[in-house]
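Undergrad: What follows is the residue order along each chain.
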Amino acid sequence: MLDTEFFRRWLSAAAAAVDREADRLTELDSAIGDADHGTNLRRGFAAVTAALEAEGPATPGAVLVLAGGRLISSVGGASGPLYGTLLRSTGKSLGPADEVSPEQFAGALREGVAAVSRLGGAVPGDKTMLDALEPAAAALAKDPEGFASARSAAADGALATVPLRARKGRASYLGERSIGHQDPGATSSALLVAALAEAAVREAS
Amino acid sequence: MSGGTAAGGRTARVGVVLVSHSARVAESVAELASELAGGGAQGAPVAAAGGGPDGGTGTSAELIAAAARSVDAGAGVAVLADLGSAVLTVKALLAEGGELPPGTRLVDAPFVEGAVAAVVTASAGGDLDAVAAAAGEAYGYRKE
Numbered sequence: 001m002l003d004t005e006f007f008r009r010w011l012s013a014a015a016a017a018v019d020r021e022a023d024r025l026t027e028l029d030s031a032i033g034d035a036d037h038g039t040n041l042r043r044g045f046a047a048v049t050a051a052l053e054a055e056g057p058a059t060p061g062a063v064l065v066l067a068g069g070r071l072i073s074s075v076g077g078a079s080g081p082l083y084g085t086l087l088r089s090t091g092k093s094l095g096p097a098d099e100v101s102p103e104q105f106a107g108a109l110r111e112g113v114a115a116v117s118r119l120g121g122a123v124p125g126d127k128t129m130l131d132a133l134e135p136a137a138a139a140l141a142k143d144p145e146g147f148a149s150a151r152s153a154a155a156d157g158a159l160a161t162v163p164l165r166a167r168k169g170r171a172s173y174l175g176e177r178s179i180g181h182q183d184p185g186a187t188s189s190a191l192l193v194a195a196l197a198e199a200a201v202r203e204a205s
Numbered sequence: 001m002s003g004g005t006a007a008g009g010r011t012a013r014v015g016v017v018l019v020s021h022s023a024r025v026a027e028s029v030a031e032l033a034s035e036l037a038g039g040g041a042q043g044a045p046v047a048a049a050g051g052g053p054d055g056g057t058g059t060s061a062e063l064i065a066a067a068a069r070s071v072d073a074g075a076g077v078a079v080l081a082d083l084g085s086a087v088l089t090v091k092a093l094l095a096e097g098g099e100l101p102p103g104t105r106l107v108d109a110p111f112v113e114g115a116v117a118a119v120v121t122a123s124a125g126g127d128l129d130a131v132a133a134a135a136g137e138a139y140g141y142r143k144e
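Same order as they appear, the protein sequences are chains A and B.
The numbering used here applies: residue 1 is where the first sequence begins, and numbers increase by one.
The numbering used here applies: residue 1 is where the second sequence begins, and numbers increase by one.
Think of the hints as simulated: they come from the structure by calculation, not from any bench.
Please read all numbers here as calculations on a predicted model, not as lab measurements.
Be aware that a few hints might be false.
[To be verified] DSS-like cross-link-like pairs, simulated, lysine-lysine; straight-line CA separation at most 25 Å:
id : chain 1 : residue 1 : chain 2 : residue 2
1  : B       : K91       : A       : K92
2  : A       : K92       : A       : K142
3  : B       : K91       : A       : K142
When you get a sec, could you build the whole thing from the sequences and use the hints?
TA: Shown next, in the form of structure tokens:
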């Protein structure tokens, strides 16, 4: 079972990864976006860490809903409402349970990823965060405890955005010139999924 | 315009919120729209929510919520947004519920032309549907 502590570990690992990789995310974003992805996510996850510390949410769902709300209000770029919706929608699907099964989490994550797709109107192949999130959610749907497979699926998905032409967001204005660059949103999504695998490893050890 | 907001309650006007990545764009468009609507105390309430949480370029959910509350007179609030995160942040806030006043709606419209149409219509006493329709129709104004 995945308890509240597991989800706090996930978000704390995500915050550490975003902080560590912020410069790389901003660099990727300077090629095809507006060069603020790393800075924005660093600010957002710092706010998430502070809120989790201050409010101590008691259930897995409450952890994710609180974190999602903080991302929406503090990131300042499109990744705020998108990741905020991912976490909030996933958290709501988990309901008020004190702990959830990996199967329940895999189902809730699918809901969260679908909500991101609805909000932004993007589908896999558009060179967005969905190119990493969808394969990760699909891997967990197949094997709910396969967090390591989800991590590889998300990392591969992010790499596979390099040859794609962006069809959403600021990068889409670049047309052909967006080809050849890895999407910063898919890259940060892969970091979030890797953080999930990290939280799972620490639980097992 | 399509009727008053309530029987005998024509004083409550639809509020308009302008969300831009740039604080100066949001404020300038708010000023322009109010002036073109005739301005003054008779005009509909208009508020700008521009720029990000750090004061730079971006979108601030807190500024949007504060702006919507400041123009809410009970007749609804029409929100116009410029691009990307401005649009997505408003949608995410509306999806959650409780973060924006009841009767707040994201209006699909071009930012400058739509803002002018929205504020003129709201100032003339149009209800939220009329304001949203007028703003959306601004997509149809051809310039050549």
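Undergrad: With reference to the structure, classify each hint as holding or not holding.
TA: Hint-by-hint comparison with the structure:
Straight-line distance between C-alpha atoms of K91/B and K92/A comes to about 17 Å, which keeps the hinted pair within the 25 Å bound. The suggested pairing of K92/A with K142/A holds, with an alpha-carbon distance near 22 Å, which does not exceed 25 Å. Between K91/B and K142/A, the direct Cα distance comes to roughly 31 Å. Violation of the 25 Å bound is thereby established for this hinted pair.
Of the numbered hints stated above, the single one contradicted by the structure is hint 3.
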